[in-house]
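S.K.: Below, each chain spelled out in residue letters.
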Amino acid sequence: MMYQSVQRGSKLKFPAVFYGGDYNPEQWMVDKNWREIWQEDVRLMRKAGVNLVSLGIFSWAALQPAEDHFTFEWLDDILELLAEQQIFACLGTATAAQPAWLSVAYPDVLPVDETGVRHKPGVRLNYCPTNEHFRRLGQDLVRRLAERYRDHRALLLWHVSNEYGPACYCDHCAMRFRGWLQQRYGRLDELNRHWITSIWSRTYTAWEQVQPPSSIGEHSLPALQIDYQHFLSDMNLEGYLGEVAILRDVTPHVPVMTNFHGLTRHIDYFSWAQHQDIISWDSYPRYNATPDVAAFHYDFMRSLKQKQPWLLLEQTPSQVQWHQENPLKRPGVMRLQSYQALAHGSNSVMFFQWRQARGGREMYHGAIVGHAGHEQTRIFQEVAALGAELKLLEPALLETHMQARVALMMSWPNWWAVENRHTPSRHFNYIAELQHYYRALWKRNIAVDIISPDQPLDNYQLVIAPLFTMVSEEQGAAIEQYVKEGGTFLTTYFSGMVDESHRAWLGGFPGPLRRTLGIWVEEFDPLPAGKTNTLFCLQETDDWSGTYNCEHWCDIVQLEGAQAIAIFGQDFYAGRPAITEYHYGLGQAFYVATRPDAAGVDALMKMLQSRLGLTAPLQVPRGVEVTRREGKMVAYFLLNHLQEAQCITLSEPMRDVLTQYIYEQVIQLPALGVAILIPVYQ
Amino acid sequence: MMYQSVQRGSKLKFPAVFYGGDYNPEQWMVDKNWREIWQEDVRLMRKAGVNLVSLGIFSWAALQPAEDHFTFEWLDDILELLAEQQIFACLGTATAAQPAWLSVAYPDVLPVDETGVRHKPGVRLNYCPTNEHFRRLGQDLVRRLAERYRDHRALLLWHVSNEYGPACYCDHCAMRFRGWLQQRYGRLDELNRHWITSIWSRTYTAWEQVQPPSSIGEHSLPALQIDYQHFLSDMNLEGYLGEVAILRDVTPHVPVMTNFHGLTRHIDYFSWAQHQDIISWDSYPRYNATPDVAAFHYDFMRSLKQKQPWLLLEQTPSQVQWHQENPLKRPGVMRLQSYQALAHGSNSVMFFQWRQARGGREMYHGAIVGHAGHEQTRIFQEVAALGAELKLLEPALLETHMQARVALMMSWPNWWAVENRHTPSRHFNYIAELQHYYRALWKRNIAVDIISPDQPLDNYQLVIAPLFTMVSEEQGAAIEQYVKEGGTFLTTYFSGMVDESHRAWLGGFPGPLRRTLGIWVEEFDPLPAGKTNTLFCLQETDDWSGTYNCEHWCDIVQLEGAQAIAIFGQDFYAGRPAITEYHYGLGQAFYVATRPDAAGVDALMKMLQSRLGLTAPLQVPRGVEVTRREGKMVAYFLLNHLQEAQCITLSEPMRDVLTQYIYEQVIQLPALGVAILIPVYQ
Amino acid sequence: MMYQSVQRGSKLKFPAVFYGGDYNPEQWMVDKNWREIWQEDVRLMRKAGVNLVSLGIFSWAALQPAEDHFTFEWLDDILELLAEQQIFACLGTATAAQPAWLSVAYPDVLPVDETGVRHKPGVRLNYCPTNEHFRRLGQDLVRRLAERYRDHRALLLWHVSNEYGPACYCDHCAMRFRGWLQQRYGRLDELNRHWITSIWSRTYTAWEQVQPPSSIGEHSLPALQIDYQHFLSDMNLEGYLGEVAILRDVTPHVPVMTNFHGLTRHIDYFSWAQHQDIISWDSYPRYNATPDVAAFHYDFMRSLKQKQPWLLLEQTPSQVQWHQENPLKRPGVMRLQSYQALAHGSNSVMFFQWRQARGGREMYHGAIVGHAGHEQTRIFQEVAALGAELKLLEPALLETHMQARVALMMSWPNWWAVENRHTPSRHFNYIAELQHYYRALWKRNIAVDIISPDQPLDNYQLVIAPLFTMVSEEQGAAIEQYVKEGGTFLTTYFSGMVDESHRAWLGGFPGPLRRTLGIWVEEFDPLPAGKTNTLFCLQETDDWSGTYNCEHWCDIVQLEGAQAIAIFGQDFYAGRPAITEYHYGLGQAFYVATRPDAAGVDALMKMLQSRLGLTAPLQVPRGVEVTRREGKMVAYFLLNHLQEAQCITLSEPMRDVLTQYIYEQVIQLPALGVAILIPVYQ
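Residue numbers (the UniProt record's numbering), protein chains in the order written: chain A, 1 to 682; chain B, 1 to 682; chain C, 1 to 682.
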């Protein structure tokens with residue numbers, strides 16, 4: 001059924017929810033019964049409803065045991081076995097870990113760390129991202145794979161490398177870095193001008209003097225640190241694109257991607273996204289993360305290619321072994337998290353991994369088929385039950401997507417700038433600050449896109465940019481235009497501090513946002529850990545009132561047109577603005593001069609929701625998440641994150657896709673329960 | 001008196017409790033009055049009752065100031081001085097620290113760390129354990145020492161090196177490691193098969209690719225890490241045996257040993273014990289350790305050569321300077337700890353060190369003769385008083401040993417496996433877990449042997465194997481046989497997980513223990529720090545009742561014949577087995593699926609004590625320790641660890657060796673008091 | 001006005017309080033409007049009352065862009081611009097950070113760390129302090145600067161390098177270290193004898209074997225560690241003196257100094273002070289430091305050249321960015337801290353820095369002219385107001401100094417010895433212990449000098465030497481003489497432990513202080529963190545009574561003439577002496593065998609104050625600081641560190657220099673207020 005229903009081409013069209021996981025059959029070839037194990041694997045896959053497996057991701061050594069010796073036969077066999085069962089392969093290019101022989105033959109493949117020490121062979125992603133030997137040999141393998149399997153009926157999708165992230169500081173990287181800087185700055189004196197190297201006599205007088213940052217060398221130039229992060233992202237991308245070019249050449253009909261994870265600090269996913277035919281995500285929230293954390297990442301992935309579905313490519317069915325603490329997922333949690341991904345635009349539910357490894361670092365990482373080796377386990381039963389359930393989803397549902405009128409602005413350069421260790425506070429956590437605002441919107445079931453400052457804003461009623469410290473002239477102008485034309489913009493303390501080269505904005509903070517916000521931030525007061533101030537709402541209304549704690553930082557703001565809607569309650573700046581509002585053009589701009597506590601941010605979002613008429617897809621009790629996917633049809637995803645059943649009142653009759661039951665007015669969701677509701681009269 | 005009473009031969013026969021300490025007279029040869037200091041030393045030794053000193057342990061530089069120049073004369077002198085006073089020497093082979101000239105002449109003697117950095121000269125034990133130059137030069141010195149002093153009347157015992165433990169990752173070690181692996185696994189594909197190198201493309205295709213583990217290289221293969229620990233233990237042992245062979249050749253009548261300490265994580269004392277003519281131990285419990293901690297280590301040392309006495313070779317009379325916190329031993333504590341060693345089978349009480357050093361790292365480490373240099377100190381007086389008291393012990397007492405019917409199973413490979421950092425929990429502490437069970441038995445004054453899983457079990461009524469994670473087929477079979485024949489076996493969570501090559505047991509945990517235990521561990525839930533569950537006893541009796549907290553880990557157990565005798569009280573596995581019991585053959589097997597708190601383990605031990613009729617040597621109040629030594633005679637050691645006097649009722653009249661007083665019915669032990677009781681009518 | 005009033009010559013004579021800050025005009029030459037920025041700088045300097053700037057401190061790259069190319073023109077220009085406005089320059093020798101070309105051309109300029117890794121170019125103070133290339137090139141630049149500006153009317157003072165402190169462990173340093181040791185010890189066997197290398201076989205048999213200490217090599221010899229610290233201080237001093245010699249040669253009329261900061265652990269300021277024409281200090285107390293901390297450092301700097309004024313060379317007007325937490329200075333705090341420096345003998349108030357940097361590590365460090373670039377800021381206004389106020393101070397005030405009858409003894413070797421990690425306690429903090437005693441005196445407004453043990457004592461009524469662990473025979477004798485002749489001496493636990501080579505004093509602690517103190521410290525008991533004992537005063541009087549907590553350490557003291565004036569309340573040494581007093585010759589000596597809490601030290605100081613008749617300059621409420629400067633005139637500085645106004649009763653009419661108001665009897669100081677009072681009838 002599956003095979004014939006899939007439409008080939010560089011864009012994936014989904015005949016059903018893709019369901020499956022990472023499959024590493026080569027691990028079992030050391031067992032004398034390996035053929036039976038493979039047979040058992042496909043039998044159990046059928047039983048679990050699997051239709052897609054990620055294959056060959058770490059198979060380089062198995063495919064090429066020596067530089068001049070290739071062994072594709074086992075992969076032929078397993079692809080054939082899968083194909084017989086109409087199971088698709090998301091086929092790895094196998095370049096995430098080079099074989100031992102390669103590291104020995106080409107020792108400069110191994111990365112060098114900040115202190116100049118070359119690493120030794122072992123583990124994975126353990127290579128220099130600019131190394132030519134690595135690229136040549138990797139690309140050679142990729143071409144062979146592509147040519148061999150170009151027409152294989154099991155081949156659905158290329159999976160390039162895995163969870164990119166190598167970093168290196170070797171001489172070759174230093175040389176490439178200089179070229180990258182020449183592209184960016186042109187002449188050396190422009191580099192000196194942008195990095196302000198005159199401080200501490202750091203002026204470069206020849207390009208050869210420019211070196212990567214180092215904990216035992218140059219670590220006093222934030223601009224160098226940030227540019228090197230950027231460079232590393234670009235070099236990894238260049239390596240990725242080298243493989244992609246071959247795949248697009250040989251198999252233009254097969255989509256290509258690599259899986260995102262983390263978030264990874266030195267891989268700028270915004271710049272990578274355009275080179276992905278489909279976005280995929282490895283989801284590993286900590287056991288005690290609130291459910292908005294997974295939602296944040298799901299929305300992030302969804303936003304990278306808006307209106308296109310994405311793939312949940314990895315999650316654990318039970319537990320991992322590499323977090324600091326690794327308790328089991330409680331019964332129902334895996335199912336709920338899986339539907340949460342669908343609710344946020346994923347069209348797949350996949351796991352790492354199919355069969356639990358017998359050794360190695362991740363041997364205790366959860367799997368669908370555990371060490372016991374059979375299906376009589378809670379985990380297998382839960383996976384199989386979900387697999388069966390997912391088959392109930394109608395295909396039209398897979399041609400829908402989420403729409404958001406609110407955007408949260410994020411950028412990797414901001415991340416690098418905010419958390420560079422020379423800022424006035426050691427307590428910055430950029431992602432946590434984004435999530436602090438995201439969480440308040442999520443609680444209100446207001447859909448949010450996560451966008452880069454370089455994306456168009458005109459689709460949004462509200463744009464929120466916390467800790468927007470690095471702002472270019474152009475970005476500032478775009479925001480100004482957006483507000484002038486009626487948009488609502490909110491930003492916070494430590495924004496508009498530096499330009500794109502990390503030079504302080506002169507003339508008054510927040511630099512290019514100052515006119516739009518109608519304020520001048522004269523001083524800032526980073527608070528010691530544990531110290532708080534208070535924030536009093538002014539001009540109280542039904543939607544804006546109260547007193548809240550705030551922490552981390554307080555700006556001393558001079559009003560330049562804006563008015564204070566909240567003031568500080570303590571310290572020598574008591575009574576000075578804590579939150580300002582400015583009507584500018586047709587729009588309005590808010591500045592939050594501190595870090596309000598959760599209740600404070602919630603109050604702010606309540607006020608903005610009311611002002612802008614932002615609504616949730618359905619009215620639900622707190623703790624119940626609801627999203628709306630639309631396109632070929634409209635569907636509401638209801639997710640009860642609470643341990644008690646919850647009743648939701650519907651405004652129109654709806655049918656639950658999972659039960660086919662029609663609810664006229666009220667639906668009761670059990671604890672951790674899920675419903676996918678379709679209006680009966682749509 | 002002493003000299004004539006000692007029976008020469010490779011087994012030591014004790015004419016009296018050996019009493020003394022480390023003596024480093026060469027430290028004082030830089031003083032112009034050194035001859036007077038030496039004279040004063042022996043005068044004070046006589047006064048303190050010293051009959052044995054450890055000599056020459058760090059004297060390499062003093063004995064061989066250049067490769068071709070030896071200076072034994074001072075050692076001749078001091079040995080003569082000691083002999084005149086009938087004081088024995090435990091003579092060091094002086095190889096625990098090489099001289100500076102040696103490190104300069106042979107720089108590859110210095111060890112290389114995991115990151116490839118060769119260490120610099122200095123400190124002690126700072127050599128590569130496989131280095132040929134070190135061995136050649138060390139053995140040359142050992143032969144000269146042995147030949148020079150073979151017939152010296154002061155020579156009692158050889159003390160090889162000191163507190164072994166060097167680790168190295170140099171190319172020579174890598175080469176030796178490959179040879180070690182070839183011994184263990186034969187062909188390279190067997191190595192690949194056992195280490196499961198197919199994961200992450202780690203397959204080796206040539207032996208040269210195999211390298212030691214490294215924090216900047218291969219750190220993803222637990223099996224490699226564990227094998228390397230094993231290899232390091234073996235290489236150190238090989239170095240030790242190189243010296244031993246010479247000593248046995250030249251002085252076959254003189255026993256040979258090295259001192260154990262720590263416990264040292266990468267020295268497997270079980271495999272070393274067979275090469276010791278007598279076991280010796282350096283005892284340094286932390287100031288706030290409960291008294292069972294010293295007892296645990298004493299019993300450990302005692303168990304390494306059962307029925308043979310061992311030597312307490314080092315302890316501080318007052319304080320050390322190298323713990324995080326170094327308060328004084330309170331008056332009476334040193335005496336109590338000394339008798340505790342005798343109570344657990346030691347036939348010596350020795351100290352580090354005789355005369356306090358004037359410089360160096362340990363200059364503030366306590367000593368019998370402090371920097372003041374005279375005997376008018378509390379410490380000297382306490383030592384001298386104990387020395388006088390120990391002379392009261394009759395010789396027959398030294399030909400006794402402890403008997404235990406309970407064994408605690410421990411193995412170094414288990415230690416390495418349990419604490420390897422890729423397990424699902426970061427909170428494993430193998431030794432602490434063993435001590436958790438030991439403590440409950442100790443409180444009940446039940447004698448315990450600490451044994452390896454490869455030792456015979458038939459002498460024991462009860463075998464306890466906490467965190468027995470690495471179990472071979474053979475070990476599993478031996479335990480099964482033991483239970484079938486009537487033994488009682490108890491093990492805990494995270495047992496039976498991997499085979500001897502650290503491959504997960506397939507088919508169901510706890511692998512080869514599963515049939516014996518009558519259970520299947522389907523899942524495990526590592527608890528975050530601070531989270532607890534509850535354990536409810538079922539089938540309550542007088543000896544088994546109550547509710548206890550448990551923490552760290554909960555297994556989800558399926559019963560396969562066993563029955564639950566306690567269940568969990570919380571979480572989704574509330575009501576599922578927490579402790580199981582299985583009658584198998586003539587015996588019984590218990591499984592503890594979590595870490596009960598101290599009260600919980602105590603309840604378990606109470607139940608087992610009652611079931612198996614395990615008894616304490618005498619009935620004593622809690623806080624009083626009692627052991628029984630038997631052989632040539634029977635003696636009871638009573639140790640009051642409390643700050644208040646305690647009364648003990650005797651079932652028969654006994655004589656206290658220390659006071660010669662005969663107690664008919666009741667003996668009162670003062671705070672920190674000791675008695676050695678001998679039945680009057682034995 | 002300024003220029004003509006300054007008296008040239010190697011000793012600075014102050015026509016007014018020097019006021020200004022670090023000025024780095026070369027940072028702005030990358031800006032196209034740099035000439036306007038410079039013009040604006042001098043305009044604003046005039047407005048702020050600036051009369052002195054520190055110039056060129058990090059200008060090496062700007063002055064010498066290539067080894068054979070010098071560019072002094074910009075410095076000519078800015079000096080001219082300053083001179084036009086009668087602003088002086090404290091001219092840097094620019095050698096605190098070498099240019100990039102230098103590190104590339106002479107790679108051995110870069111320092112090597114303890115593990116043998118050579119650092120990479122970047123940051124500042126990143127050079128080997130013994131490197132010949134660095135010295136040659138640095139001195140060449142210094143000579144050119146000196147010759148070019150020798151007669152410039154703006155040149156007031158040479159500022160050599162900046163905040164010295166480089167450390168290195170390279171082969172050249174090792175070679176120089178051996179030479180340094182030969183100077184100190186002569187023959188190698190004397191080195192062995194003093195370092196007690198016989199321990200652990202560390203005896204050196206050739207000088208080449210002696211290496212710097214290393215965390216991966218020799219780290220077991222405290223004497224080596226301490227001597228290496230001493231050597232590093234001397235090598236840095238040698239580098240400093242190389243520059244000084246040139247400056248004294250070319251510009252004998254211009255005073256020379258380098259700025260002190262920290263305190264820096266491996267720069268012995270006592271030995272450096274004699275080579276400074278004036279002492280200068282960079283003051284950066286943490287935001288939550290009590291005001292005595294700044295006072296302690298001010299008094300330290302003042303004491304280095306008694307009766308001579310010193311310079312407060314750097315402080316931040318607002319905040320720094322490099323502390324762990326960097327809140328703003330509250331309004332009034334900068335002014336108060338500035339006057340506090342004057343109160344303790346400074347004749348300047350200067351800031352880092354004039355104009356805030358646009359990039360680099362310290363771009364968020366506070367400045368007088370912030371990123372906004374104009375004077376309409378709180379910070380600028382506060383600075384300008386203070387500048388105006390300081391002009392009110394009459395010149396005679398600058399020819400006064402403080403007098404103290406109490407000395408606190410401090411030495412760098414003691415610091416190294418006390419905090420060497422092989423002591424019996426991990427909780428030693430030498431500087432904190434000094435401040436513990438200083439604070440009690442400061443609260444009583446008793447003036448204190450901080451002196452080295454090698455300075456004359458006869459000027460003092462009371463000498464306090466906490467943690468005086470390293471005492472030479474000569475130092476002990478000097479103290480004995482001092483007490484015999486009527487002095488009062490107080491020392492504490494862990495004193496008199498080692499001689500100047502870190503050999504334990506034999507015969508009884510506290511070694512050479514024992515006779516003077518009339519005690520013998522038989523044992524010491526380092527207390528675990530959190531554990532306390534109690535201290536009971538004996539022979540209670542009005543000035544000596546109460547019970548206090550003590551912590552960290554308790555000595556067990558035997559009285560040898562002294563009597564206990566306080567005893568311990570707990571533990572097995574309850575009732576034993578905790579504080580002793582001994583009348584010896586005409587004087588008296590106190591020993592404090594523990595660390596009393598703040599109240600305990602306060603009680604001790606109260607008793608000593610009463611006994612010795614030590615008085616505060618004026619009677620003031622607690623929290624108000626008062627000092628007295630005398631010389632050409634007498635002035636009282638009153639500083640209210642409290643948040644509430646305080647009234648002070650005067651014994652005679654006084655005029656406040658800052659207001660010219662005459663107070664007959666009572667002056668009210670506002671919160672954070674300051675007054676400089678001059679007796680009307682002086």
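Source of the hints: derived by calculation from the structure; they are not laboratory data.
Quick caveat: nothing in here was measured; it's all calculated off a predicted structure.
Some clues are possibly wrong.
In silico SDA-like links for lysine to any residue, alpha-carbon gap of 25 Å or less [said to hold, decoys possible]:
(1) C:K32 / A:D189
(2) C:K32 / A:A477
(3) B:K443 / B:K484
(4) C:K531 / B:T400
(5) C:K531 / B:Q403
(6) B:K531 / A:A477
(7) A:K531 / A:D602
S.K.: Confirm or reject each hint.
M.R.: Quick rundown of the hints versus the structure:
Of the pairs offered as hints, the one joining K32 of chain C and D189 of chain A holds, with about 13 Å between alpha carbons and a cut-off of 25 Å not exceeded. A hinted pair counts as satisfied when its Cα atoms are at most 25 Å apart, and K32 of chain C with A477 of chain A qualifies at roughly 23 Å. This hinted pair does not check out: K443 of chain B and K484 of chain B have alpha carbons roughly 29 Å apart, beyond 25 Å. For the suggested pair K531 of chain C and T400 of chain B, the alpha carbons sit about 42 Å apart, so the restraint of at most 25 Å is broken.
Under the criterion of a C-alpha separation no larger than 25 Å, the hint pairing K531 of chain C with Q403 of chain B is inconsistent with the structure, at around 41 Å. Under the criterion of a C-alpha separation no larger than 25 Å, the hint pairing K531 of chain B with A477 of chain A is inconsistent with the structure, at around 52 Å. Distance check on the hinted pair: K531 of chain A and D602 of chain A sit about 21 Å apart at the alpha-carbon level, within 25 Å; holds.
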